[in-house]
Amino acid sequence: MDPGLIAIGAGLAIGLAGVGTGIAQAGAGAAAVGATAEDPKMFGKGIIFMALPETIVIFGFVIAILLYAGMGGFAGG
Amino acid sequence: MIKPERMSRIAIVGPRKKLDVAIRSLYELNLFHIVDYVSEDPEVKIGVPLPQANEISQKLLRLRSIARALHLDNYKPNKKVTVGEIERTTAQAVVTLDLEVTKKIENRLTLNSRIRELTTQNDALEIFREIGLPLDLFLDYETLNVYTGVSQESIDERMKALGAPLEFLEISHGAGFAFSAFCKKSDAGSVQEILNTSGYQELKPPYKSGAAEEHILANTQEIEKLQKTLTNEESAIEALREKYAALILASEEHYSIEIQQAEAPLRVATTLNSFAIDGWVPISSADSVRRTMAEKVGDDVAVEMLPVPKHEEDEQAPVKLRNPRFAKPFELFVELMSTPLYREVDPTIFVFAVFPLFFGLMIGDFGYGACLMLAGFVMWKKLGKDSEGWRKLGLIVLAGGLFAALFGLLLFHDAFGLPFHPVLDERGVPVLGGLSWETTMGIYIPLGEAPMEKLVDVKDLLAISVLAAWIHMSVGLILGFRNELSHSRKHAATKVFWLVILFGLFAQILFMAKGSPLRDTLFMTFCSSFAGMVIPFSGLNLSIVALSLILIGVAGFFALHGKGAMMELMEILSLLSNVISYTRIAAIGVAKGAMALAFNYIVVTYLFAGGNIFLIIAGAFVLVLLQLLVFALGSLSAGIQALRLNYVEFFLKFYTGGGVSFEPLGYKRKYSEKSEV
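Protein chains in written order, with this note's numbering: chain V, 1 to 77; chain F, 1001 to 1677.
Next comes chain V alone, as it looks inside the complex (with noise of 0.2 Å):
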């Protein structure tokens, strides 16, 4: 296949990935702050339901990088 088209696939993975965590993090991020405010002992629970949604991003990093050494990006895929 074109390695443009994988490319941009590539891109497309980590960036659609990147505003799916966004999204998922603005709700819980806000929530987590004030739960935060209420009760400062609600810090570690926060950091944990404001990190959940990261992992998405990271599947996005591990299929753009699949992606990028399967074009030969790295030269040895």
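Hints in this document: simulated from the structure, not taken from any laboratory.
Treat the hints with care, since some could be wrong.
Taking beta-carbon pairs under 10 Å as the criterion, some of the chain V residues facing chain F (in silico) [stated by the list, open to error]:
#, residue
1, G44
2, I48
3, V57
4, A69
Facing chain F, from chain V, some residues (calculated, C-beta under 8 Å) [to be verified]:
#, residue
5, F43
6, I47
7, A51
8, L52
9, F59
10, F61
11, I65
Computed from a predicted model, the values in this text were never measured in an experiment.
Using N, Cα and C, we set each Cβ at its ideal position, and we do this for glycine too.
Starting from the known structure of chain V, fit chain F onto it as the hints suggest.
For chain F alone, kept in the frame of chain V given last:
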């Protein structure tokens, strides 16, 4: 080390007249976590505060109000005051201060409000001065109405258009206009209507006679005089503050400690002639409690260990974390999440082992690592002087920075995002123009080719991440097994099956991954014995052994939980996503490294290359800013992500939390010190 300090429940029983001494001795010991007595028996009641409690709380009330009046919240006195001095001098000082401070603060209020009043008057008078009529002309007409005021918009034209006999004068004032209007009472209605729609603000002359200038002059003189008095009062208050601050803070602290002790009987069971204090003590210190009680209180007080059933101990005993000194700072992260339960493993030592490692891998840069160590050192030594939290955080940052510097120096060979030697991709083409300390800066660092290049060997970094995932989560599951063992065999066995599945997933990922020397080494280490047993499936190698391990785990769930196993099955997907989640170690490392190199590339190629001196100076400035940005963003995200891997992927395998922290009766003196009598 792995479990919190073991506790033993102790009851101290004695004659009621010794309650005071017993409580004081316990406070001195700082070892006794009291359990509040809840009154159930009509014969055994909650104790009453010691007789001096009332007097102390009144003293405290006055001390605190003086402290507030003198703004002592952030005052740092330069000496400590002894308890003897507090007891000798506080009573007199409070009387003096009560009088003086209250009087001076009232004076200050009166002065301030009078100055404000005069200033407002002058503002108004200024308008009358500009209009230029004596003040008495604005008042007391029988047939005329007078309007004076200020408005946002000009009303000159609308007034003139009215056509009624009218004396109207408008001048511009500040951002708007000031005006005066004299009209017949019969025309007042229409004038009023224009004013109402113009959003005007009415002004009355502050004096009934005289010229505005004279009043302004007199007012200004009075304001000056008042201001002088105010400055005097302020410096008098400041002098009082300087003189008494140390004493007030020390007394406030001392009497707070006293009131705690005086009110402690409210947590104790008492009868007509005896008392019983119930609480927890670390087993290792039980003897010293007994000895102190016998020495300081006397032989008629008995200290008894109470036998507590194990499940009750597990539920009620307070938690005192017990870690070696070097791991202590990391208790901060565990407490931030939640205090462990008494029966649980305390994960501090594991966080200590793993956090700096993950953090260091993500930063992986000698320059940033060294800066972090410096920052950590400052936090520890400077900010940490007054705050335990900063001290711990400083040590954590110091450890993280150390690992970051080590990985940067020995593994990735780069500093400030610039590699030691030009980075070549595997076709031999230099990455981003081949920038490096050697070629760009002319500094040769005698370390050969980097064992791992962040921007080229991404797959090796991914392999490290997956290995970290397997080891870290396996430890988590083993800890979970240990936590559950005394609790429920079934749940403990579930953890074993999870371990089997985790290894299956790990092996299967190794089978599917390709093109990384590190992956090959891992594969040979863990999977060589069953490397041949694969089913090719649309280009992927599915390992029979790895998949069988996962199936064994699933079968185990069904054997243990019957239908409930369906829920556990869903969790296999989350375990897989946990494994992938560790690739954030690679992701942050690559992203941060690429960002730094890109910034360096932009500055070096576009700003430094031309030889234009202004561009070079601007470039140096931009470079520092961009480096700071990468440093701040990188450290923050690496810290949060390393913490998250501990909290989410690791803790959730075994941790419940929600324990009660061990808070012994005791106190810390900051401003006062005990006098030896």
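Do the hints match the structure? See the list:
1. G44: holds (4 Å)
2. I48: Interface hint status for I48(V): holds (5 Å vs cutoff 10 Å).
3. V57: holds (8 Å)
4. A69: The hint holds - A69(V) has a Cβ within 10 Å of chain F, the shortest such distance being about 6 Å.
5. F43: holds (6 Å)
6. I47: The hint holds - I47(V) has a Cβ within 8 Å of chain F, the shortest such distance being about 6 Å.
7. A51: holds (4 Å)
8. L52: holds (7 Å)
9. F59: holds (6 Å)
10. F61: holds (5 Å)
11. I65: holds (6 Å)
The structure shown violates none of the earlier numbered hints.
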